[in-house]
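Trainee: Following the hints, complete the assembly by docking chains B, C and D onto the known chain A.
Residue numbers (our numbering), protein chains in the order written: chain A, 2 to 348; chain B, 2 to 348; chain C, 2 to 348; chain D, 2 to 348.
Misleading hints may appear alongside valid ones.
Since the list gives no way to pick out one identical chain from another, each pair is judged satisfied if it fits inside one copy or across any two copies.
What the hints assert, rightly or not - In silico EDC-like cross-links for lysine to aspartate or glutamate, where the CA-CA straight-line distance does not exceed 20 Å:
#	residue 1	residue 2
1	K43	E192
2	K190	E42
3	K170	D260
4	K5	E337
5	K5	D28
6	K43	D64
7	K117	D139
8	K5	E69
9	K117	D64
For the record, the hints were derived by calculation from the structure and aren't laboratory data.
Protein chains: 4
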Amino acid sequence: MAIKVALAGATGYAGTELTRLLYCHPDIELVSLAAGRREGEKLVVINPQFHGLRYEAFIGLEDLLATEAELIFLALPHGHAMEIVPNLLAAGRRVIDLSADYRLQDVQTFAAWYGKEHCGSEALAQAVYGLPELQDVDWATVRLVANPGCYPTAILLGLAPFLQAGLVKTEGIIVDAKSGVSGAGRSPKLEMLYSEVNENVRAYGVGGVHRHLPEIEQEVSRWTGLDCTITFTPHLIPMTRGILATIYLTPNHTIGTADALQVLERFYQGCPFVHVLPPGSLPNTKAVFGSNHCQLGAVVDGRTGRLIVISVIDNLGKGAAGQAVQNMNLMCGWPEEMGLATPGLFP
Amino acid sequence: MAIKVALAGATGYAGTELTRLLYCHPDIELVSLAAGRREGEKLVVINPQFHGLRYEAFIGLEDLLATEAELIFLALPHGHAMEIVPNLLAAGRRVIDLSADYRLQDVQTFAAWYGKEHCGSEALAQAVYGLPELQDVDWATVRLVANPGCYPTAILLGLAPFLQAGLVKTEGIIVDAKSGVSGAGRSPKLEMLYSEVNENVRAYGVGGVHRHLPEIEQEVSRWTGLDCTITFTPHLIPMTRGILATIYLTPNHTIGTADALQVLERFYQGCPFVHVLPPGSLPNTKAVFGSNHCQLGAVVDGRTGRLIVISVIDNLGKGAAGQAVQNMNLMCGWPEEMGLATPGLFP
Amino acid sequence: MAIKVALAGATGYAGTELTRLLYCHPDIELVSLAAGRREGEKLVVINPQFHGLRYEAFIGLEDLLATEAELIFLALPHGHAMEIVPNLLAAGRRVIDLSADYRLQDVQTFAAWYGKEHCGSEALAQAVYGLPELQDVDWATVRLVANPGCYPTAILLGLAPFLQAGLVKTEGIIVDAKSGVSGAGRSPKLEMLYSEVNENVRAYGVGGVHRHLPEIEQEVSRWTGLDCTITFTPHLIPMTRGILATIYLTPNHTIGTADALQVLERFYQGCPFVHVLPPGSLPNTKAVFGSNHCQLGAVVDGRTGRLIVISVIDNLGKGAAGQAVQNMNLMCGWPEEMGLATPGLFP
Amino acid sequence: MAIKVALAGATGYAGTELTRLLYCHPDIELVSLAAGRREGEKLVVINPQFHGLRYEAFIGLEDLLATEAELIFLALPHGHAMEIVPNLLAAGRRVIDLSADYRLQDVQTFAAWYGKEHCGSEALAQAVYGLPELQDVDWATVRLVANPGCYPTAILLGLAPFLQAGLVKTEGIIVDAKSGVSGAGRSPKLEMLYSEVNENVRAYGVGGVHRHLPEIEQEVSRWTGLDCTITFTPHLIPMTRGILATIYLTPNHTIGTADALQVLERFYQGCPFVHVLPPGSLPNTKAVFGSNHCQLGAVVDGRTGRLIVISVIDNLGKGAAGQAVQNMNLMCGWPEEMGLATPGLFP
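If we strip away everything but chain A, and leave its shape as in the complex, we get (with noise of 0.2 Å):
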């Protein structure tokens, strides 16, 4: 039987990609949208693609608890879930958080880096990191899901074997990013419009200050138990959708491309959604656009001896909301691609 789930923030860039999926998904039944802002307005006027649904218009925040969801999916702006997912787990319904609120599980760091103390941390201990690829929880028992960020999913999945397998070392791990806009969000900011943005690029945050970092840091110690300080840049191109990450490593023993595709192959072994390319192939964010998958490359360079793995995914798939339905899934005990088995559209 369909059980009954509801959203919150349906109207930013992800929350809009996961109405999409919930509305196509088969096994659920989409009782309600919710808006912070914009409670009371029609959806298919802030978002026409969805002109036929039955989702007129948005409820309030604060209507949540009085919805049959038994499952909520908060896709608002930083912050502001931690107010109120103590409240809706008391009330008995499973979360899953699209925000950076539950991703880091120690507070003086969230206040550091999200400059605000966590209002909601007695919800912490039961929130799960929701990279299911690094994932080994018992998804029955799962009430809480921290989604994790664009950047660290897609370089998590290019990093994570090598650490783990003690091929390479955890010092001078270099990570250079390229992303689409849609990253930034659907809030009016000069430096996002068309004019400034198309046939630009640009790098920002640069040395050591995205707030992705420590979630990356956190992980890896979490998957692999090893402590490293990464070098990443962030950069915005002039494209919607679509990360492109390229990590830079050092073998710890000379390795060939082979031995490094091979290390990725065995990881993902029976993953779904992570596909590893053959030797001579890189991957291109095309080929994930609009997906929940991710595709991984990688070469060795014969003149200086580095890995360069290449990774790529949809920000707005299993970069966001891709990735919660997907977590979805599995705390339903649902195949994990229900819902979610498309290829990327192209072209």
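Mentor: What follows is chains B, C and D alone, placed relative to chain A:
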């Protein structure tokens, strides 16, 4: 029980989109992919988004008859389908042809606009023009569908209701259409290079020479019984997918915007893929991106009396692959929306 | 000897392009940049392409009169120029206003279309509409130029020669225009975000409500003595710069494409910025990108008899800043092309 | 008195930009345009932005010697210049070659990376690597300039000052570069079609195989006397023009961002085309679009100690045609900025 289907021409843009839709369709089994020039090559080399699917190598066109496919989609360049369709039909296969080969009922018109004699005209009598919203055929009996062109789909959906209602003059119709460039196909041409298309807009086929014109006028005549000669100007704009047609009509009598919208709403009542926007809203192509939907808007210009109708589709969705699947659903007696329920992908 | 000029509104898109052109002009001295809301801020923070230039901080609008500038460009939002133009003129300064404030000679028309009373109408009698190719004024005497809108520039250049020649009907004129989004200005709006504009096309201002309409009709009347009411549909397409106007005309008598092109060639003989393409060639916006040029093409549709004229400009070049410099050159008695000789930037 | 120049290879992207710059240059006379495969064709058919210029038909390469040109620009595909340069020099012409033919001083290195023997190596001894900011030659005596590649220009400008200052290690240098696609040239290739490039990013030439590597390492060695082996990963992003290089360096001692910026500022004092941004500012490619400028920024990562340098250029400007004009200015004893003073075109 799932029926078996095959697809020839899986490497072009329409064929690629069709591969995706057929892969996701719940009630068919895609048994073979054929390619003319790329026989033996691997699908994932050309279309890496399908990494992980099992159709590894393309069969040749001549191998289609040897497959178990009951229904065969042809997404070949114009002029190729007519060479094999009669044989496929004779062998009891049903065919949905995405090319122009069976769209024009008059072989002289075909020869005049496509520059070659029709070599498979014995099948023309069986061909059904596959624009379901303007088609009254008994679908169970259909053996051959001529899947419409992208421009005709967008234009006929906006135009036909007003002509049928006798509300507008048949003279002086002007259609100004804007299309993404994927409609021009996947063969390498200088004028389709990114650096030529980006930040550029141009008209082409100006002055009544675009091949979609006779198709539009034939279908207007078949559906409404009216003859009209249309001024049609297509434009290429810097985007991949999407068509927006702006249709300028001259009402027979003074009408208002509300009257015009009512005509559309009545006409498309019960049509799951065509949505009429409320007064004050006008469609944009992004709302139908990646979907089989069409959105329609209309405005009457109070200063000049003109009726302006705006129609948007995804040229690879409702304008090609999506419509082909819709036609298959009808031929098989399935719900029209099977495998096509997804709203537009946004952003 | 170089004349001294100042520019108010240097932070918007037209003002930014004007800053670039004035910086490169060989015969002027740019003494001050003024900005309304950003007084005191540094130019290079907002427009880093000017790093190395000496205009570091913006002065306020009220400081313009204290500068030595003999000629002042105003690139302010509509409604601001009319508050200061009378004072600037009274102080002996010459003014080129890029806003709409002095384009409409009738104050009631202005109030009806711009929603406010004209508070500087005493200067209207001095205002010269600055489309040089359609202007016979004695430029040496001009004190105030109303620099045309971008759509009117593209449309009038394609339309006026045929009306003046008496070759086409004044009724039933349809103009379908496609514009890059920089014309919408630089203030942050949701619908101008990259993720909303990219891979999207939409019409706006449909049904005779776009503010450029009265300006077009006024200038047709002033130049040709003919009254016409035009159906005008502007569209936003995913590019930054460029306008392509497709103009549909009804010839009074049967004419051919060659006849139409000859009308244009004669009209623009000796005009350095307007180029008529040969038969079979049609203009694209990229050919005029970053320049002050306009390219025109024409085709007569043999099936319907319609004359289709296509006009392209850069909306920030000939459609705004370039034309403003052209007007300055004429006012100063310099060669029209001074500082404007660069062809379009390609690719 | 203006000198006479000719240009061979006027139809490619670099040649097109060079045509524009030479047309606008105040002190030269462009006497002929030559094209290899398109001899006899008209310039404006291929590049309609030059409509109105007088160079109507291309001469053949073999006709170059018959022109009066004292200085000849060659913008031909790799491997063509070396066939004619010795003859041009013998005839007393000066040459600026935009291809790779005379960039590598070692003919075996050339053969290894470009896959063919050097057939014009007798001229190599005269070749001067034309990156003026890293070149101490007596320009008046230069007969042959090897105009640098686009990636080497961006990278060397960001890298050389720190190596020369002895501030960073020569080991472990990583360069991650992002380029617009015009650098891939104008010949029709599937992977350069708009529908393939748009909304896509991919790495290429990964693992030390890009042909610009030996050029970078040769010039580092020539200028600083240091040997280094660089890890270099170029990426193609969906834009036409622009390169952003992110350079990861390991300081020998702890330094701060201010120290790093001071090194750059001192190095580029007096260089009109290289701008060092203040602390907290990072360059974006749009600020140099259409110009001969380079902008540099730097940040030291306090967590890892890495120095991250970011360098942006227009690959067709400072990365090709603009730099060629800069080299001509130096060879002719003119001010370096002549004909190149325009800031970046924005937006």
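Trainee: All hints are to be evaluated individually against the structure, with a verdict given for each.
Mentor: Consistency of the hints with the structure:
1. K43 with E192: between (28 Å within a copy, 17 Å between copies)
2. K190 with E42: between (22 Å within a copy, 18 Å between copies)
3. K170 with D260: within (16 Å within a copy, 29 Å between copies)
4. K5 with E337: Classified as within; 18 Å inside a copy, 26 Å across copies.
5. K5 with D28: within (9 Å within a copy, 26 Å between copies)
6. K43 with D64: within (16 Å within a copy, 47 Å between copies)
7. K117 with D139: Intra 31 Å, inter 60 Å, cutoff 20 Å: neither.
8. K5 with E69: Answer is within: at 7 Å inside a copy they meet the 20 Å cutoff, but 41 Å across does not.
9. K117 with D64: neither (26 Å within a copy, 43 Å between copies)
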